[in-house]
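Sequences listed follow chains A and B, in order.
With my numbering, the residue at position 59 of the first sequence is 59, and numbering never jumps.
With my numbering, the residue at position 49 of the second sequence is 49, and numbering never jumps.
Keep in mind that the hints were calculated from the coordinates and are not lab data.
Among the hints, a few may not be true.
So these bits of chain A aren't anywhere near chain B, every CB distance computed over 12 angstroms [to be verified]:
id : residue
1  : Phe29
2  : Ala35
3  : Leu51
4  : Arg81
5  : Ile157
6  : Glu212
7  : Thr247
8  : Pro264
9  : Ile295
Some chain B residues near chain A, calculated using beta-carbon distances under 7 angstroms [to be verified]:
id : residue
10 : Thr15
11 : Pro145
12 : Val155
13 : Thr159
14 : Leu243
15 : Leu246
16 : Pro249
17 : Gly253
Computed footprint of chain B on chain A, listed as stretches where at least three residues anywhere in the stretch have a Cβ under 8 angstroms from a Cβ of chain B [said to hold, decoys possible]:
id : region
18 : 86 to 99
19 : 137 to 150
20 : 160 to 167
21 : 248 to 260
22 : 270 to 283
Beta carbons are placed, not taken as given, at the ideal position from N, Cα and C, and that holds for glycine.
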Amino acid sequence: MADVLLFPQTAPAEAPQRSHGWMRGVLRFARRKPAGALGALCIIVTLVCALGADMQVITGFQSHAQLLAPHFYDAQNLHNRLQGPSWAHPMGTDRLGRDQLSQIIYGARVSIIIGLSSVLIASVLAALIGVVSGYVGGTLDLVTQRIVDGWIAFPPIVLLIAGVQVAKAYVGQGGVSQTFAVILVLGILLAAGTSRVIRGAAIAVKNEQYIEAARAMGATDSWIVLRYVLPNVMAVVIVLATVGLGTAILAEATISFLGFGVPPPFPSWGRMLSADGLLYMRKDPWLAFWPGFAIFIAVYGFNMFGDALRDVLDPRMRGR
Amino acid sequence: MTTYIIRRILLMIPTLLLVTVLVFLIVRLLPGDAVETIIGQYTPLTQGDRAAVKHELGLDRPWWKQYGDFVGGALHGDFGKSLQSQQPISKDLKNRLPVSFELGALAIIISIIIAIPIGVLAAIRQDSILDQIARSSSIAMLAIPSFWLGTMINVYPNTWFNWAPPTYVPFREDPMGNLWFFFIPAAVLGVGLAGAVMRLTRAQMLEVLRQDYIRTAWAKGLRERSVVIRHAMKNAMIPVLTLVALEVPIVVGGAIVVETIFSVPGMGFYLVTAANTHDYPELQAVTLLLALVVVVSNLLVDVAYAYLDPRIRYS
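Modelling step: build the complete structure from the supplied sequences, incorporating the hints.
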């Protein structure tokens with residue numbers, strides 16, 4: 001299968017000789033979960049594109065020289081509009097003569113920034129709500145969970161569209177602040193479902209014997225939460241964050257496609273497909289393919305890897 | 001059972017209240033001015049004109065009165081007038097709700113037709129080639145953006161065969177043409193849903209096939225078909241049914257995208273237009289209605305679940 005053929009790229013073949021502990025871990029993971037390893041490969045490709053599009057991130061904003069992306073994302077050349085694939089532009093050019101390959105590579109940076117920051121917000125928020133609600137229980141839990149119910153009831157895209165509009169009004173209209181608005185709303189939205197799962201995990205941990213033992217030894221609630229509950233729900237948080245990254249990237253692409261997300265000139269995979277470009281796509285059909293393929297690779301990677309991670313981190317799922 | 005349903009409906013009330021508060025808040029927090037939307041940004045206005053328009057819209061009243069009007073009106077199916085067309089919004093919604101409903105229902109049916117047979121087959125032939133393909137393609141289906149699939153359907157057949165997707169016709173005028181129009185957007189939406197359903201079907205079937213009563217059924221010498229369909233599937237399908245219903249929010253979200261791509265005159269298209277033209281009463285009405293659809297479908301899931309699995313009622 002393709003998974004097996006691709007697998008050597010995630011772990012170099014010479015690794016077994018001088019294998020360190022983590023190398024062996026990576027190898028074992030790849031052998032047991034070829035699909036997860038393929039997902040990891042997709043993630044690595046996306047991350048490499050995001051970091052190495054130009055020298056900015058690597059040199060700490062000292063140099064702006066191009067690295068992986070042959071051109072700057074907004075470099076226009078109106079003489080070269082809507083060119084099909086060629087050696088100079090492997091994915092062709094768009095209606096303003098911008099190199100598609102460069103836009104796709106820079107688009108990875110936008111997706112990863114939005115994905116990572118919104119998932120960070122979501123994880124912190126969800127862990128806080130989930131652990132407190134689950135651990136304290138009682139009336140607080142009941143009230144919190146009804147609020148979460150209302151939160152989940154909204155179709156996410158509807159809330160995203162409305163929420164981004166609201167956030168934009170308070171954060172500002174500029175490109176960076178608009179992107180920040182998207183991150184904020186995505187983070188808050190993702191937290192709802194995640195907090196529900198974390199709450200479940202926290203309740204399960206709360207009833208374990210070692211919590212009872214800690215309490216018998218005179219531990220305070222805050223100590224128990226920090227020392228026992230939080231570390232024990234961490235596996236759940238990590239798995240949900242990995243899958244959440246895929247969800248966040250897909251959601252950003254979706255609202256950018258509808259015209260409510262990341263504003264131009266920032267390259268967003270979703271906006272590259274937006275409907276106002278349909279006429280140009282019919283002239284140069286490759287325009288309709290690559291951005292979607294890039295989204296697919298990133299989302300597939302995080303979903304696959306998160307799935308495999310769940311199997312490895314959750315002992316109850318082992319052997320399935 | 002009746003007690004359970006009543007209890008569940010009572011639990012729904014705070015959720016619904018919260019939903020109305022959220023919708024009300026979001027729309028009040030939105031940037032821009034309703035007065036400007038109606039009269040146009042460039043018409044010079046005196047303070048008096050402004051106050052008159054505000055009064056006509058009821059925007060000069062205290063917020064709790066505005067909220068009361070909003071909830072009271074919504075209970076009567078009155079969502080006010082559209083800022084753009086000056087028509088009652090409820091009329092628009094009445095035309096558009098059935099369209100979105102047809103799209104969503106067809107999408108769910110298509111996803112079930114794809115997902116359940118493949119999921120069951122993958123489970124009874126665990127680790128076979130078919131299972132491997134089904135497993136990886138189910139995750140792939142979840143990762144394919146519906147707007148990518150939709151855009152490609154709009155672009156490639158057009159460039160290669162000069163074929164374009166059909167345009168909308170009402171069901172009453174041309175039933176077959178209507179179904180054919182809905183088939184493509186529903187299939188695009190359905191493929192995205194099928195991935196999750198397929199995964200759960202497979203997992204549930206594997207779980208059930210390991211049970212003792214399945215071994216008993218085999219031991220009795222029953223044919224494979226009857227073991228799988230009569231004994232295993234019946235029990236494996238309960239969580240799958242729940243998932244199908246839980247996908248209503250995803251269908252609603254997906255419908256927004258798919259309706260925009262294929263120009264389906266439904267609720268999603270309406271929402272995007274309302275958000276683009278800053279028509280807040282419309283936005284408020286659609287958001288509330290879509291949230292309501294989700295809350296009610298969740299209720300139906302719980303009730304159906306309690307009916308199918310008696311243990312839930314008594315816990």
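For the region 160 to 167 of chain A, do three or more residues have a beta carbon lying closer than 8 angstroms to a beta carbon of chain B? holds (count 5)
Can we trust that Ala35(A) is non-interface, i.e. its beta-carbon lies farther than 12 angstroms from all of chain B? violated, 6 angstroms
Given Val155(B) as an interface hint, is its Cβ closer than 7 angstroms to any Cβ of chain A? With Cβ-Cβ at 4 angstroms, under 7 angstroms, it holds.
Quick one, is the Leu246(B) hint okay against chain A at 7 angstroms, beta carbons? The hint is violated - Leu246(B) has no Cβ within 7 angstroms of chain A, the shortest such distance being about 10 angstroms.
Would you check whether the claim that Ile157(A) is not at the interface survives, using Cβ distances to chain B and the 12 angstroms cut-off? violated, 4 angstroms
Between the region 270 to 283 of chain A and chain B, see if three or more residues pass the 8 angstroms beta-carbon test, and mark the coverage as holds or violated. holds (count 6)
For Ile295(A), which was marked as not at the interface, is the minimum beta-carbon distance to chain B over 12 angstroms? violated, 5 angstroms
Does Pro264(A) really sit off the interface, with its C-beta more than 12 angstroms from all C-beta atoms of chain B? holds, 16 angstroms
Hint check, Thr159(B) versus chain A [nearest Cβ-Cβ separation less than 7 angstroms]: holds, 5 angstroms
Least C-beta distance between Arg81(A) and chain B, which was stated to exceed 12 angstroms: holds, 17 angstroms
Quick check: do three or more residues in the region 137 to 150 of chain A have a beta carbon closer than 8 angstroms to a beta carbon of chain B? holds (count 4)
May I ask you to test the interface hint for Pro249(B) with respect to chain A, counting a Cβ-Cβ separation under 7 angstroms as satisfied? Status holds, d = 5 angstroms.
Violated hints, in rising order: 2, 5, 7, 9, 14, 15, 18; the structure is consistent with all others.
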